[in-house]
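Start from the sequences, fold in the hints, and give me the full structure.
What follows is the residue order along each chain.
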Amino acid sequence: MVASDKAGFADPAIAALASQVVDAAASGTALRIVGGDTKRFYGGTLDGEVVSTAGLTGVISYDPTELVVHVGAGTTLTELQETLRNEGQMLAFEPPHFGAGSTVGGMVAAGVSGPRRPFGGSVRDHVLGAGLINGRGEHLAFGGQVMKNVAGYDVSRLVTGSLGTLGIITDVSFKVLPLPAFEQTLRLDHIDAGEAITLMSGWMSTAAPISALAHTSGSLYVRLSGARKAVQASAKTLGGDVVDDGDVFWTQLRDHTLDDLGGDDVLWRVCVSPATPALDFGDAARCTIDWGGAQRWVTGYQGDIESVRALASGAGGHATLFRGASDRSTVFAPLAPAVLKIQSRLKAAFDPKGIFNPGRLYADF
Amino acid sequence: MKPDYQSKIGSEAERLELRDRLAGKFRSFLPDESVLVDEEDLRPYECDGLSAYRQLPMICVLPHDIEQVQSVMRICSELEVPVVARGAGTGLSGGALPLNDGVLLSLSRFNQIIEVDEANRTARVQPGVRNLAISEHVSDLGLYYAPDPSSQIACSIGGNVAENSGGVHCLKYGLTVHNILKLEVVTVDGELITIGNDTYDSPGLDLLALMTGSEGMLGVIVEITVKLLPKPEVARVVLAAFDDVQRAGDAVAGIIGAGIIPGGLEMMDNPSIRAAEDFVRAGYPVDAAAILLCELDGTEEEVVDDIERVRGLLQGCGATEVRVAADDDERARFWSGRKGAFPAVGRISPDYYCIDGTIPRRHLGHVLTRISELSDEFGLRVANVFHAGDGNLHPLILYDANIEGELERTEQLGGKILEMCVEVGGTVTGEHGVGIEKINEMCIQFTDGALTQFHAVKAAFDPDGLLNPGKAVPTLARCAEFGAMHVHGGNLPHPELERF
Chain P
92 MVASDKAGFA
102 DPAIAALASQ
112 VVDAAASGTA
122 LRIVGGDTKR
132 FYGGTLDGEV
142 VSTAGLTGVI
152 SYDPTELVVH
162 VGAGTTLTEL
172 QETLRNEGQM
182 LAFEPPHFGA
192 GSTVGGMVAA
202 GVSGPRRPFG
212 GSVRDHVLGA
222 GLINGRGEHL
232 AFGGQVMKNV
242 AGYDVSRLVT
252 GSLGTLGIIT
262 DVSFKVLPLP
272 AFEQTLRLDH
282 IDAGEAITLM
292 SGWMSTAAPI
302 SALAHTSGSL
312 YVRLSGARKA
322 VQASAKTLGG
332 DVVDDGDVFW
342 TQLRDHTLDD
352 LGGDDVLWRV
362 CVSPATPALD
372 FGDAARCTID
382 WGGAQRWVTG
392 YQGDIESVRA
402 LASGAGGHAT
412 LFRGASDRST
422 VFAPLAPAVL
432 KIQSRLKAAF
442 DPKGIFNPGR
452 LYADF
Chain A
1318 MKPDYQSKIG
1328 SEAERLELRD
1338 RLAGKFRSFL
1348 PDESVLVDEE
1358 DLRPYECDGL
1368 SAYRQLPMIC
1378 VLPHDIEQVQ
1388 SVMRICSELE
1398 VPVVARGAGT
1408 GLSGGALPLN
1418 DGVLLSLSRF
1428 NQIIEVDEAN
1438 RTARVQPGVR
1448 NLAISEHVSD
1458 LGLYYAPDPS
1468 SQIACSIGGN
1478 VAENSGGVHC
1488 LKYGLTVHNI
1498 LKLEVVTVDG
1508 ELITIGNDTY
1518 DSPGLDLLAL
1528 MTGSEGMLGV
1538 IVEITVKLLP
1548 KPEVARVVLA
1558 AFDDVQRAGD
1568 AVAGIIGAGI
1578 IPGGLEMMDN
1588 PSIRAAEDFV
1598 RAGYPVDAAA
1608 ILLCELDGTE
1618 EEVVDDIERV
1628 RGLLQGCGAT
1638 EVRVAADDDE
1648 RARFWSGRKG
1658 AFPAVGRISP
1668 DYYCIDGTIP
1678 RRHLGHVLTR
1688 ISELSDEFGL
1698 RVANVFHAGD
1708 GNLHPLILYD
1718 ANIEGELERT
1728 EQLGGKILEM
1738 CVEVGGTVTG
1748 EHGVGIEKIN
1758 EMCIQFTDGA
1768 LTQFHAVKAA
1778 FDPDGLLNPG
1788 KAVPTLARCA
1798 EFGAMHVHGG
1808 NLPHPELERF
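The listed protein sequences correspond, in order, to chains P and A.
Throughout the first sequence, residue numbering follows this note's numbering, covering 92 to 456 in sequence.
Throughout the second sequence, residue numbering follows this note's numbering, covering 1318 to 1817 in sequence.
It is worth saying that the hints were derived from the structure and are not from the lab.
Note that the structure is predicted; figures quoted are calculated from it, not measured.
Hints are not guaranteed to be accurate.
[To be verified] These stretches of chain A come out as covered by chain P in the derived footprint (C-beta under 8 angstroms, 3 or more residues): (1) 1520-1530; (2) 1538-1550; (3) 1706-1712.
Note that CB positions come from ideal geometry on N, CA and C, so glycine has one too.
Structure (structure tokens):
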């Protein structure tokens, strides 16, 4: 059983990448793995010779009734989502598009999920399998195309969010879900962050068919998804006004094109336990709350890095310098020494010469 | 079958000396009754739920706090003694099978629910807490813990994490990996680390996903923060009968293709239906080739809508009978047959062996036909229960361990079924884990390169290979040997060697 056969690619594209990796490992050359390069703003330092997944395009297999799609890493997110939409299905983690060329591989490597995440799960929650070229130039297949699979360590979920530090992702299988039959967005105005968090927390403890909850600029947004009658019944209970073009709001929030999220400002991502009361980021800061309270996007923060990190970890979470940092060496919250040790060893287990995206996740690897 | 593990102990005298030395060290911080060395005390730990494999541990310790676990690990690391962690011992793949020269670390005294955070819908629990006890504890808050393996009244949450346990509601609510937020883990050298946190993700590599399902090979889990979900307002179940298994499989595809994700979607074949009906009188149609149980949950409006759609779809797919449970009592009765399927099969056969493959659902008809042929070929009856929504198939092979050679034939048949699962694009284990049981079949599913990568992953956590050595991932040497055996068409060489 040859792994590259399993992954469904003609050998040449995989072989070319693998040989590039072998050469780089021999010469100690850093490689910067690139899909659409739409998230170059994200993560730590960018270093190395560009290696592209552009040759790994296309849907390898897709049977809608299995709820599984297997796709090449270089396929654009737009293409994949179009394919799914044509069959009435979707990626339930609502991945952001930070540019037109976003690829499946980049989406998985970054592991960033959109507004539906608390209700539909994250990128890694839906990854079922992945092909990977490791630092020895070996093309390996992990996981598979089935939903329940506990054979071997869960490497395909480990590479999700690894920012390319463990290898070149060549192909990924996802669990997909049906598009909701009906959706409606409600807006409740003149609500401050504290009230919004209390309301969201209460609603999340009910069985209401909520698929997104956010608060920005004094308004609370609720998206309901499901059977029409169920959505309409819940909408009556929750209150607020129906937003006609609700999709536009969620797309803007997802892709950071809302006024409070875009621009050249430094953007902090502060993740906390969802019911954490409103946090004080200082008078100049603006905060948009997503994920029912668990993800807080902050711009205009004037304080020091340590303070925002302390605020986040005090609330059970962490803070990331998501965009616009002048110094990209510490964009992610530092790890405890014992955890860093394990992560560094894991990195070495996949990439002994340290050639893949060095410094993109942590300066140590 | 033996673990891929070479003991460093030269003689029995050496082993007993090491045992006494360890016992002395453990008793310096544990009460005497928490350090077991006598055979009669060790007997209960000789196997887990896969009782065909038995081995007494050298010594068993039952710590009751995290510091004690850390001390045990420090001592074992220093003396290079292997450690097998154990929860409730209900696992079905021999993952908690002890070692003759190893320590069995029981976490049964870690049985407290530490804290429930109602506003954030989470609970901090110790690893020895029973799965169902969590849902019972938070029931008054309208919350529950979603993964529900069939052993949920007995199995522990720590074991659930180690195995990434599933259950009948996985399609909609996910596996263990989707329902936990944070772990406290003691490393092989006794350090306490936190993996994950109280929000939805954490910085760095996703160790939480890696730890889940790692079968005790990477660390000892001493605390878990689980997610709790609001209970659905309503749940209703539909029972449909079919005169053909393939048609039942097509109906499953039809329901999912129509955009409906049921809370539970289970299939049973005729032998399972009969066994279950004899056992619990669930009211199943005993002449049906297959039945489907489809549970729909959510808000009242949603469920009313979906029930009607599912009823129509099932009839359209050729169901010979469709029944909607009238009330919660009838719903419980419909489920009782499915939930009691394993013990029901246990009543009609002296022994049974549960297989745990997953297949892409479209191959169900082919796989069941092939299982039936293999069943004839091996002269062993097979009853099938199927988590139809997610493709996880549990053929139960009926055998009698007292008949010489029957267990061996059963294992060969099981191996054939798992090979077929891999051939059609599935996996050798959907939810029970590899443990010691399916270690050979791992050679079929993964290339040498992938297996080597798994060993490197383990070494990153456990460089000396002391945590549950020899389980879950086969050595390449074993695969070479197994591959050679494989060529000889099921006739295993060396019949004189012990095999379970």
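Verification of the supplied hints:
Look at the region 1520-1530 of chain A against chain P: 9 of its residues bring a Cβ nearer than 8 angstroms to a Cβ of that chain, three or more, so the hint holds. Remark: the region 1538-1550 of chain A is confirmed as covered by chain P, as 4 of its residues place a Cβ nearer than 8 angstroms to a Cβ of that chain, reaching the required three. Counting residues of the region 1706-1712 of chain A whose C-beta sits closer than 8 angstroms to any C-beta of chain P gives 3, which meets the bar of three, so the coverage hint holds.
Violated hints for the displayed structure: none, as all numbered hints are satisfied.
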